[in-house]
Amino acid sequence: MDILVCLKRVPLAGGTLILTPDAKDIETKHLGFGISPHEENAVEAGVQLVEQMGGTLTLLTLGPTDAEEQLRAQLAIGATRAILLETQGEEWDPQATAAALVDAINAEETKFDLIIFGAESADSAGYQIHIRIAHALNRPIVTNVKAMKIENGIAHCERVVAAGREHYEAPLPAIITVRDGLNIPRYPSVPGRMQARKKPVDMIKTSPRVPKLEKLNLTVAPSKSKGAEILGNGPEAVPALVEVLKKIGAI
Amino acid sequence: MILVLVDHDRGELDPLSLRALTAARKLGHEIQSVVIGSEGASLAGVVGEYGAKVLHVATHASITDYAPMASGRVLKELVEKLSPAAVLAAGSPRGNEQLAHLAAFLDLPMAAECSSITLSTTPGAPHQVSRARWAANLIEDANVHSDLLIASILAFSVEPESANGAAASVVEFQPTLEASDTQVRVLSRDSGETKGGVTLTDAKVIVSGGRGVGGSEGFGNLEELATLMGGTVGCSRVVTSSGWRPHAEQVGQTGTKVAPDLYIAAGISGAMQHIAGMKNSKTIVVINTDPEAPILNYADYAIIGDLHQVLPALTKAVREAKG
Ligand SMILES: Cc1cc2nc3c(=O)[nH]c(=O)nc-3n(C[C@H](O)[C@H](O)[C@H](O)COP(=O)(O)OP(=O)(O)OC[C@H]3O[C@@H](n4cnc5c(N)ncnc54)[C@H](O)[C@@H]3O)c2cc1C
Ligand SMILES: Nc1ncnc2c1ncn2[C@@H]1O[C@H](COP(=O)(O)O)[C@@H](O)[C@H]1O
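Chains as they are written, first to last, in this note's numbering: chain C, 1 to 251; chain D, 1001 to 1323.
Hints were generated in silico from the structure; no laboratory data involved.
Being a predicted model, the structure only gives us computed values, none of them experimental.
For each residue, glycine too, the CB sits at the ideal point set by N, CA and C.
Hints are not guaranteed to be accurate.
[What the hints assert, rightly or not] Quick list of in silico lysine to aspartate or glutamate cross-link-like pairs, EDC-like style, CA-CA up to 16 angstroms:
(1) C:LYS24 to C:ASP123
(2) C:LYS212 to D:ASP1141
(3) C:LYS215 to D:GLU1320
(4) C:LYS205 to C:ASP103
(5) C:LYS205 to C:GLU90
(6) C:LYS212 to D:ASP1107
(7) D:LYS1279 to D:ASP1300
(8) C:LYS247 to D:ASP1261
(9) C:LYS246 to D:ASP1300
(10) C:LYS29 to C:ASP66
(11) C:LYS246 to D:ASP1261
(12) C:LYS247 to D:GLU1080
(13) C:LYS205 to C:ASP113
(14) D:LYS1076 to D:GLU1161
(15) D:LYS1282 to D:GLU1223
(16) D:LYS1026 to D:GLU1172
(17) C:LYS246 to D:ASP1107
(18) D:LYS1282 to C:GLU229
(19) C:LYS24 to D:ASP1141
(20) C:LYS226 to D:ASP1300
(21) D:LYS1257 to D:GLU1217
(22) D:LYS1204 to D:ASP1190
(23) C:LYS111 to C:ASP2
(24) D:LYS1316 to C:ASP2
(25) C:LYS212 to D:ASP1147
(26) C:LYS226 to D:GLU1223
(27) C:LYS149 to C:ASP123
[Unchecked claim] Pair ranges (Cβ atoms, derived):
(28) D:PRO1123 to C:GLY249: 50 to 58 angstroms
(29) C:LYS29 to D:HIS1308: 33 to 41 angstroms
(30) C:TYR187 to D:GLU1080: 48 to 56 angstroms
(31) C:GLU229 to D:ALA1085: 42 to 50 angstroms
(32) D:SER1242 to C:GLU243: 28 to 36 angstroms
(33) C:THR110 to D:LEU1027: 42 to 50 angstroms
(34) C:ALA107 to D:HIS1308: 51 to 59 angstroms
Please construct the entire structure, taking both the sequences and the accompanying hints into account.
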């Protein structure tokens, strides 16, 4: 089974976001980089399938040259090789990104049985690159997958909705997009990291395309800070909290 | 005219669609709506009330349940027939997905999770949108270069408002589908696993734990308090990715979004992705050793201290208070 996982380099932001002076991007000087949690699950799913069924796991990203760092980190948990479509560092819009990824997939000799995406990217969350690629490659796509198994050439997938768990099937070759919770991504081992340094990463140059969804600028959404009332320190503050709970009708 | 995709689950309206209708009304065009599947016809009254003049009902023998690519095909046919200025839907997993299929069929841009939309009035000029990024912590202003605007409405950016409209007139039609359009569809469904009857989304009280709980055993204290208060346990992503609790309990951007009456956050720092899932809770109580933890900015009340001491004391006191 040959599997492809598409991922995106994103800053690891948890706290308040700070913008660059031109308000076009997040200031990343003091941030590390990683990939979206959903995509970590995608790689883990790929590694598990190759462990069970044999085959290869290829990683594909469109991003700056530095995205090699994220590819190596994921190679360290068990992917076979990687492809980096190098940009000048600017973010591409979803249509252009999808088109470039499609070209790269079509240029591969391997006909991937399964292509796995994150459900949405952590930063831009466009909810669409995978669906565009499914249309371009004429493949079935199941999105937001929370549980999956491959049997007799069919991907059996589950999606969680308010009313319960929905079951879908997609015959291979197929595309799925996965959500956090599908599995628990493993940490790279030391030998894994050593091997990753030697695994092949194809660097392919790209030229920018005119965006149809054109980012103009960013603003930080105002946070509704309530300013907590500190009831006290340690267990001595518990009676004050009990009073609050009575007041709001919780007890 | 603006076409709004109204979502329903086996005939039951997705309330987020009413927000999408409300947002659409503000754009000053006639509103028409579309539902996929014959059960949707029963929604003519409510979509009319929220401002849609027409409800297009797409029915087809092979549309038996949710099939997102088929929805995309239906929308494409309607766009070709009716030439709307925009197609909108709720910014929900289903709304975004069905619109993305439409955008892929037409190879047009799509703007997901918009909090505001300004339609172009000059032919050839772009539409303008503001859309959410980073779990709505950032707003992006963007131009959409396309005659047809395809956009989803950020779920909580607009409150549903009735227009007191009359029932929409129902227009049934049968789309021309290809076999591949319904290949991926809901085949069956299990109802949710409810533990002791209280689910995270319905719970009035959530006692939520983070890395500060220290391990799966530590959650015993949280369970005890949650049960005592008729609530349930939630947690942060660190907890699920460490395998301490099942993912079904994760609150946040990539977990569940909750809005209980009371949210107790113990040993959770308050990363924006966690806040995104619980900031709409009515009362937020924090228990944290760090008086500088960012979650304090979102909380109503806080105890600064070790949750391993505070929680057992709280459980005891609540039990006594209840008598
Ligand atoms: C795209 C994306 C999506 C994400 N989605 C989610 C999501 O859905 N949900 C989510 O939760 N996270 C999510 N995250 C992860 C998020 O960024 C944080 O990493 C995570 O929420 C941190 O969890 P935490 O607060 O438990 O841990 P930490 O940040 O490590 O905080 C632990 C806290 O516990 C306190 N503490 C320690 N010991 C004690 C003690 N004995 N008593 C009391 N307090 C103590 C500390 O002071 C600290 O404040 C996402 C991240 C990304 C990039
Ligand atoms: N630049 C990129 N390179 C490779 N894959 C990407 C890129 N951007 C997004 N993806 C993939 O597409 C998914 C959906 O992204 P989006 O449509 O931006 O929400 C992500 O989770 C990734 O798996």
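Is LYS215 of chain C within 16 angstroms of GLU1320 of chain D, Cα to Cα?
At roughly 57 angstroms apart (the allowed maximum being 16 angstroms), GLU1320 of chain D and LYS215 of chain C break the hint.
Distance restraint between LYS1279 of chain D and ASP1300 of chain D, which requires alpha-carbon spacing of 16 angstroms or less
Holds, at roughly 11 angstroms.
Run the distance test for LYS24 of chain C versus ASP1141 of chain D: straight-line Cα separation, threshold 16 angstroms.
holds, 10 angstroms
Given a hinted range of 42 to 50 angstroms, is it respected by the beta-carbon distance of THR110 of chain C and LEU1027 of chain D?
46 angstroms Cβ-Cβ, so the 42 to 50 angstroms window holds.
So if I understand the rule, the pair passes when the alpha-carbon distance is 16 angstroms or less; does LYS149 of chain C with ASP123 of chain C pass?
Cα-Cα ~29 angstroms, so violated.
Checking one constraint from the list: CA of LYS1076 of chain D to CA of GLU1161 of chain D, max 16 angstroms. Satisfied?
Roughly 28 angstroms between the alpha carbons, so the hint for LYS1076 of chain D and GLU1161 of chain D is violated.
Taken at face value, is the distance from the CA of GLU90 of chain C to the CA of LYS205 of chain C at most 16 angstroms?
holds, 13 angstroms
Can the suggested window of 48 to 56 angstroms be confirmed for the beta-carbon pair TYR187 of chain C and GLU1080 of chain D?
holds, 51 angstroms
Going straight from one Cα to the other, do LYS29 of chain C and ASP66 of chain C come out at no more than 16 angstroms?
holds, 14 angstroms
Would the hint linking LYS226 of chain C and GLU1223 of chain D be met if the CA-CA limit is 16 angstroms?
Between LYS226 of chain C and GLU1223 of chain D the Cα gap is close to 27 angstroms, so the pair fails against 16 angstroms, i.e. violated.
Sort out whether GLU1172 of chain D lies within 16 angstroms of LYS1026 of chain D, counting only the CA atoms.
violated, 27 angstroms
Has the given pair, LYS24 of chain C with ASP123 of chain C, been kept, meaning a C-alpha gap of at most 16 angstroms?
holds, 13 angstroms
The structure shown violates the earlier hints numbered 3, 12, 13, 14, 15, 16, 17, 21, 22, 24, 26 and 27.
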